[in-house]
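J.: Keeping their order, the protein sequence lines are chains X, L and R. In terms of the working numbering, the first sequence is residues 734 to 1075. In terms of the working numbering, the second sequence is residues 96 to 595. In terms of the working numbering, the third sequence is residues 79 to 234.
These are calculated hints, taken from the structure and not from any lab test. Given the structure is predicted, the values throughout are model-derived calculations rather than measurements. Ideal Cβ placement from N, Cα and C applies to all residues, glycine included. Don't take every hint at face value.
[Unchecked claim] Here are the simulated lysine-lysine pairs, DSBU-like style, with alpha carbons at most 35 Å apart:
(1) X:Lys924 - X:Lys1069
(2) R:Lys223 - X:Lys809
(3) X:Lys866 - R:Lys150
[What the hints assert, rightly or not] Computed footprint of chain L on chain X, listed as stretches where at least three residues anywhere in the stretch have a Cβ under 8 Å from a Cβ of chain L:
(4) 926-936
(5) 952-963
(6) 1000-1014
Read off the chains here:
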Amino acid sequence: MKMKKMMSLVISVLIGASAATGCASKALQTSETAVKGAEEAKPAFTPGKEVEVVVPSSAGGGSDLNARTIADIAFKNQYTPKNFMVTNMPGGSGGVAFSYVYGKGTNDETIMVLHNGQIMSTIANNAPVTSDKLTYLPVVAYDNLLLVTKKGAPYQTVEDFIEAAKTPEKVKVGGSQRGNTDNLAFELINKYAETKAAYVQFNSSGDTMTALLGGHVDVGIFNPSECIGQIEAGELVPLATFAPEKIGGAFAEVPTFKEKGFDNIVLSEVRAFAGPPKMSAEAIAFYDEVLKKVTETDEWKTNYLEKNNLQPVYMNSAEAKAFFEKEVESYRTIFKEVGIIQ
Amino acid sequence: MENIQLLLQGFSVAATIPNIAAALAGAFMGLIVGAMPGIGSLAGVALLLPLTFKMNPTTAIIMLAALYYSNMYGGSFSAILLNIPGDSPAIMTALDGYPMSRKGKAGKALFTASISSFIGGSIGIIMLTFLGPLAAKWGLSFGPAELTWLIILALTSIGWIIGDNPSKGLLATAIGMMLATIGLDKALGQPRFSFDSINLFSGVSFIPLVIGMFGFGQVIDMVVNRSEYGAVEEKRLTIKESILDKSEAKRVTPVACRSGLFGCFIGILPGAGATMAAFLSYIMEKRVGRNKAEMGQGAMEGVAAAEAANNGAAIGAFAPLLSLGIPGSGTAAVLLGGLMMWGLQPGPLLFKNNPDFVWGLIGSMYIGNILCLIVAIGCIPILMKVVRVPSSIMIPIISCICIVGTYSVNNNMFDVYLMIGAGVLAYFLKLAKISEAPILLAFVLTPMLEMYVRQAFDISSGRLNVFVGSPISITLMILIIVFCLAPVLIKLIKKPNPAE
Amino acid sequence: MQKNDSIRIEREVIEMKRFIPAVFILIGIYWTVMSFSYGLWIRGGPGGGFLPLVAGILAIIFGVVVTMAEFKDKTPTNFTFKAFLPPLILLGIIVVSQLIGIIITLVIYIFSWIRFYEKESYLKSGLVAVLCPAVIYAIFVMWLKVPLPQGILGLL
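Build out the structure end to end from the sequences listed, making use of the hints.
T.: So this is what it looks like as structure tokens:
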């Protein structure tokens, strides 16, 4: 008898508490809405449950780190009432995650880390879902690519490299994965510098680095964060960068392909987000807000961007959409030209 | 020697209370994560990483590293007790460990596994201390061509662990190869045998296959052959019974030592990891060891070889990580990311610029390894009780672990379907008396072979001379010929004698 | 009941152990045929079809060898349809879990199996049915944050 009374008491307290919290958060929401309403005259969106952040690669990679950093900063600074939960979905070179998010239809609480390398591989592999079928969300960072060779190699400048590479099959360029940014960067060189270098594909940049250091390939294509250790130690020499402008810091002296006269050999890695195809406009606006705030925090700038040698950028979802549509067009064109897709 | 001085310095860093606590915490978590089939050290490390940003980098990496190598201790638990390898290196441990369990010797198996892990890890740590950067540099000279030979060496050796029926073993190898060729090919990146399913696009995942064939296959076997799974007689559950007596220790120690050394070198090599190390070491033991006859049916040497090698390899993988900034495995890649987040630059300068960090880490490995051993042995009495659980209860429990463990790898239900299919496959294979081990080993080795051969030819522009281009290649080639021809030659030499 | 079962099984028995390697011959043939469409030798090195071809041929050769060897061997195999019980149950679990969430499904499964199939006591069944999923929940969901299916009802 006592038990039953206790139980009903506990339950009523719990119900009361949740009602109270519910009321409180609703009150908060209403006031937020009131403010927002003044701005947009649209009901603002806040996630009703944990937001699922899908990462199309395994834990520990660049995309994963990106997602976790954002989740951490967003939650700590209360930019979002509900936690961002990171879920890894590697498989199909991004295809599985893309398909999963596509299948979420009108869901507003699922977003995905979008890396242009995976946009490329889904195109190159003819995956059922390509990025144009999803909703584009903000772009949050750029990463750059470098062409790097070993110290003591026969070509120490990019001009020497291009000269040497004109002989068919003489120069071996290592990169990770196929139909990805490294691959595309390589194809751009061959096409616009009219070289005939050979591409050797590795599973990861770690493997590429090993092959380069071991002298098994002549040059490699890397992100700054992947090779900076070796460059500072003097073991590797950066020949050129694919960025539109010189990268600062340790790479201040590295010429861009553009300034050497190759206007078309420009490629950056882009880190952005995407959502299900029918995500509501309010939700899109919400993620725009949250991601904008995150990219403006000091923590993001010093602890994430700087430490990983990334370039700051922010494009809201509308700008991202325009940007990517152009990008995807250019990827398709180049892939067709070099025969990666039919 | 300078290194010893640095090491002593490292000990003083490692022996502080927070660092020891971190090592202990990492050890515990690694044991649990390692014992759980499916999710491995990768997830454990990746999840802890953000929490460690607030910590001092040295303390953080001590904890994460402890998680990583204690994972190798834990993997043997479920392999020995349930025949479900906790992670891929533990497959070889299961081959001998589980039969030992069935024979009532689970305690000894667990003890052997723990001691061998300790010995293997210790050898790895000593190697790392004195030869670390040098060994890493040596590892660089293994290019695609050399690695091709290494894989061929491993492939030819599969035949010898098959047992009595070579044609069945080769059929199994063919099955493994066929399974492995599902997925994107390395030359053109086109999907093969994917039957238009995005899930089969990048091929069959390994862990679902392993959990299905071993774990779930086990369940099906238990349901069908109930009578074989009567309560296992475990006479005494005290630690005393698990400790190896003198003769057993004599058998096991040399095996563990050489396997540990061997595993360490394999761990240093790019692209080869703890799984390869355990596999190759087991095969070596089966070929040249004293107790080859019993291996596969419950020989301690099998457990020792596999466990020493996988711990040696886990530690060995730190050499290229720290001195070259090259991660040898997924987990190492996470650690690499962590290092960068803490503002450390792994690479040749790390040893110079941050000696406290590096040697503190290495120093803590010595301590951590001992802690792992103590904790692991301490768990043995509890673990042994698992063997006593009747199969009626084990069946649903193992089934649940199989489902959840498989799902946790890629968060994809398709993998669970695969796992179930693999279990059914294992049942049919058992009926036809085709053994599973060659299938799995062929499955692991074939994609590596394909990748390395492709790379070698890309580098040499299609010329074969790349395969005999270096002393390492030639050495491996000779080893292969010796390994293959040796038994034939021995037979030929022996034949004339009885006739005399 | 017993006798009919064993006769029916015996008939399967004669077929099973030869049937299985024979199936692999067929699979091997499929692999061999498909391998040509993936390109055998590309850019101076093995193409996508090279290893499938090798694997397929090996499967055919040794499939034949093993099947023929099994014809000579007269010992019966013990095939039984009982073996399909666990796979079917697990498939059922997956389907049901999409509706009511995996943890609850597992609780039901464990309880039902131990109580009705294994015929143990209610106490034992209940105990394991609660403990096992609880531990799984603690490790996989709370600690490792694996997003296990929660079903349409959004339950555990």
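J.: Looking back at the hints listed earlier, which ones does the structure fail to meet?
T.: 3 and 6
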